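> Each chain, written out:
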Amino acid sequence: MDYLEIANSPVLYIGVAALIAVVVWQASVYISRTLKRAKELGIGSEKLKKAAKVAVLTSIVPSIAIVVALLTLIPVLGLPVSWGRLSIIGSLSYELLAAKLGAEAASVSLGGAVYDATAFLTSVTTMTIGSFVTLGLTIFGFKWYKNRLNKSIGSSKADNPWGRILMAALIVSLYSRFLAEPVVEGGSAFITMVSSAAVMFLLDLLVKHSKAFKWLGDFNLSISMISGMAVAVLAGI
Amino acid sequence: MKNDKIVSYDEKAHSFGKLSLAIGWGATLVFPLILIFAFKIPVNWNFVLKGAMSILILMIPVGLSEFLSIAPMIGPSAMYIMVLTGNFTNLKIPSSIAAMEAVGLDPANYTDESDVISILAMAVSAIVSILIIAIGVIAIAPLSVFLENPKLAPAFANIVPALFGALGVSMIAKHIKLAIVPFILGIVLLWTGFVPSALVLPILVLAGVGSARLMYKKNWIRG
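If you're matching them up, the sequences are chains A and B in order.
According to my numbering, the first sequence is numbered sequentially starting from 1.
According to my numbering, the second sequence is numbered sequentially starting from 1001.
Everything labelled a hint here was simulated from the structure, so no lab data went into it.
Here the structure is a predicted model, which means the values were calculated and not measured.
Incorrect hints may appear among the rest.
Claimed, not checked - Partial pick of chain B residues on the chain A-facing surface, computed with a CB cut under 8 Å:
(1) Lys1050
(2) Ser1054
(3) Met1059
(4) Ser1065
(5) Ser1077
(6) Ala1102
(7) Ile1117
(8) Ile1133
(9) Ile1138
(10) Pro1182
(11) Val1195
(12) Leu1199
(13) Leu1214
Stated by the list, open to error - Label pairs and their calculated CB-CB ranges:
(14) A:Gly44 to B:Ala1038: 47 to 55 Å
(15) B:Ser1008 to A:Leu149: 13 to 21 Å
(16) A:Phe213 to B:Ala1038: 52 to 60 Å
(17) A:Val184 to B:Pro1150: 22 to 30 Å
(18) A:Ser109 to B:Ala1038: 24 to 32 Å
(19) B:Leu1206 to A:Ser210: 41 to 49 Å
(20) A:Lys151 to B:Ile1187: 29 to 37 Å
(21) B:Pro1142 to A:Phe213: 34 to 42 Å
To be verified - Listed next, the stretches of chain B that the computed footprint assigns to chain A, with coverage defined by at least 3 CB atoms under 8 Å from CB atoms of chain A:
(22) 1081–1094
(23) 1118–1124
All residues carry an ideal CB built from backbone N, CA and C; glycine is no exception.
Only chain A is shown next, with the shape it has when bound in the complex (with noise of 0.2 Å):
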């Protein structure tokens, strides 16, 4: 049997509906109890429907990318796998990685003439086991971590100006890796960056200076997305 007709097989989507209703579950529960932790804080429901909405709004453009991520992945890996894989914990760049390592432990290239179903079997055994480092991390060392975390910042922010400092200098370091990169790059990040970088600076303006588009707070980050891949393809033209 051709490996890419057992990797197409329909009983591997018995290993894509273990893997959805593990998010899924994960999922509602957290919701379900965030939902009570909520009503304890006094959090009334128009703003958790407001950030719900927001969330909703703001997944739709990156999940089309790992859509568009899967129709890479699937003339390897066929489609069960890939969108197994690319719904839980992975990233296309962490499947491919590991699946071209799997094929290169088994001595050939991935989905190339030689690829047999031993190699796709190595190339999953590869992707599953890698997977483990950073779920093992959190499993074994995030509670440690954390606790150890909150006893240095403190547990009460508000009266630890050093603990808000830390927090965002975390977060502005973590976006500065992000944006740093376009910045080298050039070309069409660059461009793409700086676009939706202005598009949201006018639109943070047109919300808080006019109640008329006080609605589009709502899809701020969609537009100057949006605006900004727009521009990549113009550009591109």
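Starting from the known structure of chain A, arrange chain B on it as the hints suggest.
Chain B alone, transformed into the frame defined by chain A:
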């Protein structure tokens, strides 16, 4: 009393989080197990070991540095959601930050309310993502014709710059002094290639926190 409640809430978040991650990883074993037992594909343990060694050598430092950098920024529940579903920087963190800002919270000033909003946003984001991917799979044939149009390629190749360009504006504007060192250092490190790309984030986090501490001590910034 209040502290006991918070502690208990966090404890439950950790317990459930660990359980869900363990079950999640167990679910990823379904693929290789089906291949081995349903299709009877012979397992070459030598290959499996070699593949495992290669990926672990790479993922242990990368996973560790990502974990150490990101874990301080978010609450327990949000971390477990993020780790299970992946796509930290392009999906989960932006959803969380956008949701917090939409309800008037400062993402850099993490409170119990921020925690609630963040968890809600990330969990909703996880479900939306699953749905959109499922729709994408069902519509895969006509979609692939549209999405694989080479003219659209620059759009999808630049999603992360688009995202961070938009998010960066308000975050950097609010914290310019904190951004100077990590941003400039980020440009230098990426341009010169002195360090592997995977190490840039933890270095910037150390530099960002270090410079923030220095500025705080010198009273150049106030919390």
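> Hint by hint, note whether the structure agrees.
Here's how the hints hold up against the structure:
Given hint, B:Lys1050 at the interface with chain A, holds; its Cβ is 4 Å from that chain's nearest Cβ, closer than 8 Å. Satisfaction of the interface hint for B:Ser1054 is found here, the shortest Cβ-Cβ separation to chain A being roughly 4 Å, below the 8 Å cut-off. This hint holds: B:Met1059 has a C-beta 4 Å from the nearest C-beta of chain A, less than the 8 Å allowed. For B:Ser1065, the shortest C-beta to C-beta distance to chain A is roughly 11 Å, which exceeds 8 Å, and the interface hint is violated.
Checking B:Ser1077 against chain A by beta carbon gives a least distance of about 5 Å; that is within 8 Å, so the hint holds. Taking 8 Å as the C-beta cut-off, the interface hint given for B:Ala1102 holds, the closest approach to chain A being about 4 Å. Of the supplied interface hints, the one on B:Ile1117 holds, with its beta-carbon coming within about 5 Å of a beta-carbon of chain A, less than 8 Å. Of the supplied interface hints, the one on B:Ile1133 holds, with its beta-carbon coming within about 6 Å of a beta-carbon of chain A, less than 8 Å.
Proximity of B:Ile1138 to chain A is violated relative to the hint, the smallest CB-CB distance being about 11 Å (cut-off 8 Å). Look at B:Pro1182: its Cβ gets to within about 4 Å of chain A, closer than 8 Å, so that hint holds up. Hint status for B:Val1195 relative to chain A: violated, with the closest Cβ pair at about 12 Å, above 8 Å. Checking B:Leu1199 against chain A by beta carbon gives a least distance of about 11 Å; that is not within 8 Å, so the hint is violated.
Because the closest C-beta pair between B:Leu1214 and chain A is about 11 Å apart, greater than 8 Å, the hint is violated. For A:Gly44 and B:Ala1038, the hinted distance range of 47 to 55 Å is satisfied, since their beta carbons lie about 51 Å from each other. Distance hint check for B:Ser1008 and A:Leu149: the Cβ-Cβ separation is about 19 Å, which falls inside the suggested range of 13 to 21 Å. For the pair A:Phe213 and B:Ala1038, the beta carbons lie near 57 Å from each other, so the given range of 52 to 60 Å is met.
A C-beta distance of roughly 25 Å is found between A:Val184 and B:Pro1150, which places it inside the suggested range of 22 to 30 Å. A C-beta distance of roughly 26 Å is found between A:Ser109 and B:Ala1038, which places it inside the suggested range of 24 to 32 Å. The hint said 41 to 49 Å for the Cβ distance between B:Leu1206 and A:Ser210, and at roughly 42 Å that hint holds. Against the hinted window of 29 to 37 Å, the Cβ-Cβ separation of A:Lys151 and B:Ile1187 comes to about 35 Å, which satisfies the hint.
A hinted range of 34 to 42 Å holds for the C-beta pair B:Pro1142 and A:Phe213, which are about 35 Å apart. As drawn, the region 1081–1094 of chain B meets chain A at 11 residues by the rule of a beta-carbon pair under 8 Å; at three or more, the given contact holds. Counting residues of the region 1118–1124 of chain B whose beta-carbon sits less than 8 Å from any beta-carbon of chain A gives 6, enough to reach three: the coverage restraint holds.
In this structure, the earlier hints numbered 4, 9, 11, 12 and 13 are contradicted, and the remaining ones agree with it.
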